[in-house]
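Engineer: Each chain is listed here by its residues.
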Amino acid sequence: MRELIFRYRVILCSVLLCLLSLHLISKGRSGSGGVLIVSRAITSVVNPINYSFSTIKNSLTSILDNYVLLLNIKETNQALLLRVDKLSKENNRLKEEEALHSRLKKLISFKENTPTKTITASVLSISSLQGSGGWTRVITLSKGKADTIEKNMPVMSPGGVLGRITDVSTHNSKGLMLIDPRSNIDVIIQRTRVRGIAEGNGTDITLKYVRDLEDVRIGDVIVTAGLSGVFPKGLKVGEVTQVQKGWDNFFKSIVVRPSADLERLEEALILTGISSEVAEQENAEKIQKNLTKKDLGN
Amino acid sequence: MKEFILFIPLTIIYWSFKSTVLPGFPLPDLSLVLVFYLATKRNTLGGVILAFVLGFIDDSFSSALLGTSSFALILVYLLVQVLMQKMHFTRAPIIAMGAFALTLFKGSVMWVLLYYSGISISYFYVFVPTAVTTALFTPALTSLIEVMQRVKLPRSGRENIR
Chain U
0 MRELIFRYRV ILCSVLLCLL SLHLISKGRS GSGGVLIVSR AITSVVNPIN YSFSTIKNSL
60 TSILDNYVLL LNIKETNQAL LLRVDKLSKE NNRLKEEEAL HSRLKKLISF KENTPTKTIT
120 ASVLSISSLQ GSGGWTRVIT LSKGKADTIE KNMPVMSPGG VLGRITDVST HNSKGLMLID
180 PRSNIDVIIQ RTRVRGIAEG NGTDITLKYV RDLEDVRIGD VIVTAGLSGV FPKGLKVGEV
240 TQVQKGWDNF FKSIVVRPSA DLERLEEALI LTGISSEVAE QENAEKIQKN LTKKDLGN
Chain G
0 MKEFILFIPL TIIYWSFKST VLPGFPLPDL SLVLVFYLAT KRNTLGGVIL AFVLGFIDDS
60 FSSALLGTSS FALILVYLLV QVLMQKMHFT RAPIIAMGAF ALTLFKGSVM WVLLYYSGIS
120 ISYFYVFVPT AVTTALFTPA LTSLIEVMQR VKLPRSGREN IR
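Protein sequence lines, in the order shown, are assigned to chains U and G. Numbering-wise, the first sequence is residues 0 to 297 according to numbering that gives the first Met the number 0. Numbering-wise, the second sequence is residues 0 to 161 according to numbering that gives the first Met the number 0.
This is chain G alone, in the form it adopts within the complex (with noise of 0.2 Å):
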């Protein structure tokens, strides 16, 4: 699991990135490829404790309701888990596919969430544009995430480096 806290400065950094040089611009949800990545990989209790620190980041980034995306992210977490059950995110297809549908039932619980707390959002405009470029890089992210695991070289291996 503690590979995975990477994850943290990962999407801050990414959001601060997203927010400061290409605001506006419909980029993936990293967060959500981040949850999907770990929900395909292992079912932790890491891994929902990272979901709800990744919806939080996003909800502190995004000025949306704090909790919002924590929900959303929590419940992606579960659901692929449940897919995982009757299929294999493995080929590229199927992993842009799930990416898509997996974002638009984020923005959907974050809709119906936000919608409930008196703040009304375009979900067209909103989540179907990043579902799209979510569904285009996922399995580049996902591809890339896991060479990174590969590579990455045992401690003693590092201190013989060093």
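So here's chain U without its partners, still in its complex pose (with noise of 0.2 Å):
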């Protein structure tokens, strides 16, 4: 028996072990805890083996990713950083192209509501020397004779006076900046109707010849009064930012911020001759004046 056992002893084997398979297959479908602790002991055992595999193909996906793929990073990257630097420009010129539709926008409503004829023209350059009176400041327009542009005509900005054109050449103009210490304005406080001389400091503007009784206050607003022929009545000038008793208790010392922004010029009206109407006005109120002299002096 055996040697009968010996001699089939593969066979028997087989057999027994088919059986076991056969029954393993059996619990497995029943869900038997018994396969269930086998199972488990060989997934306790090839899980570090699992876990080292896992990482050594993350590891070489990563640098399949990161370096081997990213061969030909570096003329896209070129390429990218051309279309990045054409896009670029592009942005900024369109930011340009919108700030001077935003300005010249602005230029027209102002054209628009002034009752004058206008030119407008680019702002070149604006220089600065310090004189003995302060900063002088001079603006260059790039409009001049061949436009009709002539000596002391008034020059505008959206926000308000800017100045008055002193030389003219034939493409080209100065104007002599509000600011300028050598710039004088006949005004009125729009409040008030208190008349003065607005003066430039070189920074700011100082209203002179206001009385000391005068009832100035922060924030009035300065207009042109109309009189010395150049620049039309009720254009703004600025603001009254500071307001003093003077040294000689007779007239106040007022400080006015133009209501122009001088920092950021770029364009500029000139105002090339008051139309008729306006010229009908002041022509009007010199009559009236003159009239309301005459009946004083009488």
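Each hint should be verified, as a subset may be incorrect.
Subject to a maximum C-alpha distance of 25 Å in a straight line, what follows is the list of computed SDA-like cross-link-like pairs (lysine to any residue) [to be verified]:
no.	chain 1	residue 1	chain 2	residue 2
1	U	244	U	192
2	U	26	G	116
3	U	56	G	9
4	G	40	U	12
5	U	26	G	43
6	U	56	G	104
7	G	85	U	6
8	U	73	U	54
9	G	17	U	116
10	U	56	G	85
11	U	26	G	84
12	G	40	U	173
13	U	56	G	18
14	U	150	U	192
15	G	17	U	65
16	U	56	G	136
17	G	40	U	14
18	U	88	U	70
19	U	26	G	119
20	U	144	U	109
21	G	85	G	43
22	U	56	G	125
These are computed hints drawn from the structure, not numbers from a lab. Note that the structure is predicted; figures quoted are calculated from it, not measured.
Could you fit the two chains together into a complex? Lean on the hints.
Structural biologist: In structure tokens:
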């Protein structure tokens, strides 16, 4: 018997193991705990190996993704940089266009509301020199005699008065800005109708010859008086920022901040002629004043 | 038989590699190749036990029902023993064809067992691609195992090297 078993040991063992396998299958189907324990034991042995392979795989994938597959990244990067550069320039150009559009819109709006003929000129430069009287401020504009620009024409910005033309060449002109110490403009305080002279001091405007008795407050708007024949009446000059008693106890010391943004000037309007309506109005006012003076004299 | 014990960790590592690095890729059925090699070399009790163990490892990794691969690989071992009486697996094309046929046979046995256990799998998509890759790699793998067996130094030789 023993010899028989030994002779067919392979067959017998195979049959036994096949039966064991079938038993495992049937246990597995029913979800038996015994099979699960064996399976868990194998899993616990295999987990560290799986972890090692996963780590290696992840490292290789990382190398592949971050290095090998990025071999052409230099060319792509250069192409993208060029594109970014191109788009950046285009973006900058569009921003400039937008800013120009915005400024021109303001200018057109101002032009429409201004009762005089105007010419739009680009601001070529704003020169400043330190003189004995403070900082001189001269603006150079892109329009000249060829564009019917003449001396003493008012220069405006959407914010208000900038100054007046002092020197005209064929295609350019120079204007004395209202903050230049040489600039004098007849003005009135809009609220109280008190007259004065707006003189530049290099950085701001000083309102002179306003009596100490007059009512002047911070924030009062100063407009052109229209008496000098240079500026039409009612153009905004600035706002009172400081009111003090004068050193002579007779006139106030008033500082006015220009309403035009003098630091960001790119375009300006030159008032080429006072319209007939305005001229008539101004003439009528002058006649009325003369009549009043005569009446007072009598 | 002791030299074949190495097949167990080898199979575990291979399955681990297969399930983590190349999951879903029809890699050769290493357990079948090893059982095929064992069966062509010797008819021993150890061969049957090793077939059972390798099958058990297969089932543990493939998440199939435990016992299906064991059962199939024991049958593969016995079938090769029977076939060895009629033919010799010495030339590469015959080894490849044999591996192909045995993989399909193993697949068929597993498919039947799983089917009667209430698990339905696609025979064509699961076993045929594996059979093709197994057939392609078996001649090379068996040659490699053979070379490894030949270059293995005797114990005394190893001691001398140390």
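Engineer: For every hint, state whether the structure bears it out.
Structural biologist: Hints, one by one, checked against the model:
1. 244(U) to 192(U): At roughly 19 Å apart (the allowed maximum being 25 Å), residue 192(U) and residue 244(U) satisfy the hint.
2. 26(U) to 116(G): holds, 11 Å
3. 56(U) to 9(G): holds, 19 Å
4. 40(G) to 12(U): Status holds; Cα separation ~18 Å.
5. 26(U) to 43(G): Since the Cα atoms of residue 26(U) and residue 43(G) sit roughly 28 Å apart, the hinted pair is violated (cutoff 25 Å).
6. 56(U) to 104(G): violated, 33 Å
7. 85(G) to 6(U): Satisfied, since the Cα-Cα distance of roughly 21 Å is no more than 25 Å.
8. 73(U) to 54(U): violated, 29 Å
9. 17(G) to 116(U): violated, 88 Å
10. 56(U) to 85(G): Status violated; Cα separation ~45 Å.
11. 26(U) to 84(G): With a Cα-Cα distance of about 36 Å, the restraint between residue 26(U) and residue 84(G) is violated, given a limit of 25 Å.
12. 40(G) to 173(U): violated, 110 Å
13. 56(U) to 18(G): holds, 11 Å
14. 150(U) to 192(U): Not OK: residue 150(U) and residue 192(U) at ~29 Å, beyond 25 Å, violated.
15. 17(G) to 65(U): holds, 24 Å
16. 56(U) to 136(G): Between residue 56(U) and residue 136(G) the Cα gap is close to 23 Å, so the pair holds against 25 Å.
17. 40(G) to 14(U): holds, 21 Å
18. 88(U) to 70(U): violated, 29 Å
19. 26(U) to 119(G): holds, 18 Å
20. 144(U) to 109(U): holds, 23 Å
21. 85(G) to 43(G): holds, 19 Å
22. 56(U) to 125(G): OK: residue 56(U) and residue 125(G) at ~24 Å, within 25 Å.
In this structure, the earlier hints numbered 5, 6, 8, 9, 10, 11, 12, 14, 18 are contradicted, and the remaining ones agree with it.
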